[in-house]
Amino acid sequence: EDKVVQSPLSLVVHEGDTVTLNCSYEVTNFRSLLWYKQEKKAPTFLFMLTSSGIEKKSGRLSSILDKKELFSILNITATQTGDSAIYLCAVPMEYGNKLVFGAGTILRVKS
Amino acid sequence: KAGVTQTPRYLIKTRGQQVTLSCSPISGHRSVSWYQQTPGQGLQFLFEYFSETQRNKGNFPGRFSGRQFSNSRSEMNVSTLELGDSALYLCASRSPGSLEGDTQYFGPGTRLTVL
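Heads up: the protein sequence lines correspond to chains R and W, in order. So for the first sequence, my numbering puts the first residue at 885; every next one is plus one. So for the second sequence, my numbering puts the first residue at 2; every next one is plus one.
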């Protein structure tokens, strides 16, 4: 059965800390892995990682994909209170039309 | 480009009623997917529509249905509402045809409360 597992489930840090969020997956016909940030309502897209693009970076956020070990990590450096959110990892199945999500990591950044 | 829009944003219904939610995808996106998000189950896939055809369906009862119109706008319907249907319903659109098309862009959701 295809599955996506995230850890930790929740995390509390102080502003300025660096955090690492984990996502492992077991899927057939892997195509890509997506990271989203969800604050109030809509998950907003952060990164897509594929076999040909195993590392992405945007400002203080970066992500890598380890296709051999079947996991991805999302790093956030110099955290800010605005980084407080749920971070979701998802893997597209069945030609991309169905996303299977992990349970998410709830990140709280304290000032 | 305008993002994915969903209406209404909030709904309160009673058990046994039915409800229709609407979603307008990003301009040019022909694929629309629907998800249910609850604290206990997380984000669960409901179904996907492309060119007015349902291409995939998640593990939900037949009370959950949907359709897509020729302009790619989509509606989902839940009949005979149950308390357990209370959730955030999210719509997402994408432009399939390439690997980048795997990325789904989400709307703000409709918060449904069933009393």
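Hints were generated in silico from the structure; no laboratory data involved. A portion of the hints provided could be inaccurate.
A partial selection of chain R residues facing chain W, derived with a Cβ cut-off under 7 Å [stated by the list, open to error]:
| id | residue |
| --- | --- |
| 1 | Lys925 |
| 2 | Met932 |
| 3 | Pro976 |
| 4 | Asn981 |
| 5 | Phe985 |
| 6 | Ala987 |
For clarity, every value in this text was computed on a predicted model and none was experimentally measured. Built from N, CA and C at the ideal position, the CB exists for glycine as well.
Results of checking the hints against the structure:
1. The beta carbon of Lys925(R) comes within 4 Å of a beta carbon in chain W, closer than 7 Å, and the hint placing it at the interface holds.
2. Given the 7 Å rule on beta carbons, the hint for Met932(R) holds: about 5 Å separates it from the nearest Cβ of chain W.
3. Given hint, Pro976(R) at the interface with chain W, holds; its Cβ is 4 Å from that chain's nearest Cβ, closer than 7 Å.
4. For Asn981(R), the interface hint holds, the least distance from its beta-carbon to any beta-carbon of chain W being 4 Å, beneath 7 Å.
5. At about 4 Å, the closest approach between the beta carbon of Phe985(R) and any beta carbon in chain W falls short of 7 Å, and the interface hint on this residue holds.
6. Taking 7 Å as the C-beta cut-off, the interface hint given for Ala987(R) holds, the closest approach to chain W being about 5 Å.
Of the numbered hints given earlier, the model fails none.
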